[in-house]
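**Q** Sequence:
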Amino acid sequence: MAQIGNDDDAIKRRLFNEGDSGADERRINTLIRTYGRWLDLKPGEERDLLFERILCQLSQCRNAMEKTQLVHEMNLLEQENYENLNSEIEQAIMLSKKNIADAKKDLQYARTIRRNRQEYDALAKIIKEHPERKTTESKISELKEELGQLNESRRCLRDKLELRKKQLTAIVTTIHEMQRTLREEENIEANSKLAVEDGEMDTS
Numbered sequence: 001m002a003q004i005g006n007d008d009d010a011i012k013r014r015l016f017n018e019g020d021s022g023a024d025e026r027r028i029n030t031l032i033r034t035y036g037r038w039l040d041l042k043p044g045e046e047r048d049l050l051f052e053r054i055l056c057q058l059s060q061c062r063n064a065m066e067k068t069q070l071v072h073e074m075n076l077l078e079q080e081n082y083e084n085l086n087s088e089i090e091q092a093i094m095l096s097k098k099n100i101a102d103a104k105k106d107l108q109y110a111r112t113i114r115r116n117r118q119e120y121d122a123l124a125k126i127i128k129e130h131p132e133r134k135t136t137e138s139k140i141s142e143l144k145e146e147l148g149q150l151n152e153s154r155r156c157l158r159d160k161l162e163l164r165k166k167q168l169t170a171i172v173t174t175i176h177e178m179q180r181t182l183r184e185e186e187n188i189e190a191n192s193k194l195a196v197e198d199g200e201m202d203t204s
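If you use the numbering used here, the sequence shown closes out at 204, no skipped numbers anywhere.
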């Protein structure tokens, strides 16, 4: 009987250590009470039936622990996924801020070019009113050359701004997709937890 008592204490300690939820504790307490009744019974049909019940309850406890472990592993995996997604979103936001800052600089440069071109056009108009001066013709030639350079710079800047616009659109789209993915995974996790809780309620 001393050996049986020691085994009983060992089983109790193990079951109490492994059960960490309310459902697990109820299941373990039921198993312990059943085991106590089984110890008090004399060999016979009732004792054998009670032993079968103990085996069934042990199987339920084992299944509950396996489900808990699976949920724990799934939570760890989801946490890792969230951290990765969060890092990607932060990088995308940083890149977006940089592109916006660059686009603002380009826009300011474009405004400067436009203002200079207007000044050059006004000056060219005045110069054309005095074609008799040789210096005026030389100035017009210089202005035309500068205007050609400005037009080329403006074209390059327009192309660059268009590229920036496409990059920003792609980044915003990526951020929206990441946010949608996070919401879907949160819904999946919530549904998984509900399914596990429903399973535990069914087995209790």
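I should point out that these hints are in silico values taken from the structure, not numbers from a laboratory. There could be a bad hint or two in this list.
Unchecked claim - Heads up, simulated BS3-like pairs for lysine-lysine below, C-alpha to C-alpha not over 25 angstroms straight-line:
#	residue 1	residue 2
1	K160	K104
2	K139	K128
3	K165	K98
4	K139	K125
5	K166	K105
6	K144	K104
7	K166	K97
8	K104	K166
9	K193	K67
10	K128	K144
11	K105	K165
12	K166	K98
13	K144	K97
Everything numeric in this text was worked out from a predicted model, so none of it was measured.
**Q** If a hint holds in the structure, say so; if it does not, say that too.
**A** Checked hints:
1. For the proposed pair K160 and K104, the alpha carbon gap of about 12 angstroms is at most 25 angstroms, so the pair holds.
2. A threshold of 25 angstroms between alpha carbons decides the hint, and for K139 with K128 the separation of about 10 angstroms falls inside it, so the pair holds.
3. Restraint check for K165 and K98: the C-alpha separation of about 13 angstroms stays at or below 25 angstroms, so the hint holds.
4. For the hint linking K139 to K125, the alpha-carbon distance of about 12 angstroms falls within 25 angstroms, and the restraint holds.
5. About 17 angstroms separates the Cα atoms of K166 and K105, which keeps this hinted pair within 25 angstroms; it holds.
6. About 28 angstroms separates the Cα atoms of K144 and K104, which puts this hinted pair outside 25 angstroms; it is violated.
7. For the hint linking K166 to K97, the alpha-carbon distance of about 14 angstroms falls within 25 angstroms, and the restraint holds.
8. Distance check on the hinted pair: K104 and K166 sit about 15 angstroms apart at the alpha-carbon level, within 25 angstroms; holds.
9. This hinted pair checks out: K193 and K67 have alpha carbons roughly 10 angstroms apart, not beyond 25 angstroms.
10. Note on K128 and K144: the hinted pairing holds, with a Cα-Cα distance of about 12 angstroms set against a maximum of 25 angstroms.
11. With a C-alpha separation of about 14 angstroms, the suggested pairing of K105 with K165 holds against the 25 angstroms cut-off.
12. The suggested pairing of K166 with K98 holds, with an alpha-carbon distance near 14 angstroms, which does not exceed 25 angstroms.
13. Among the hinted pairs, K144 with K97 is inconsistent with the structure: their alpha-carbon atoms are about 38 angstroms apart, more than 25 angstroms.
Violated hints, in rising order: 6 and 13; the structure is consistent with all others.
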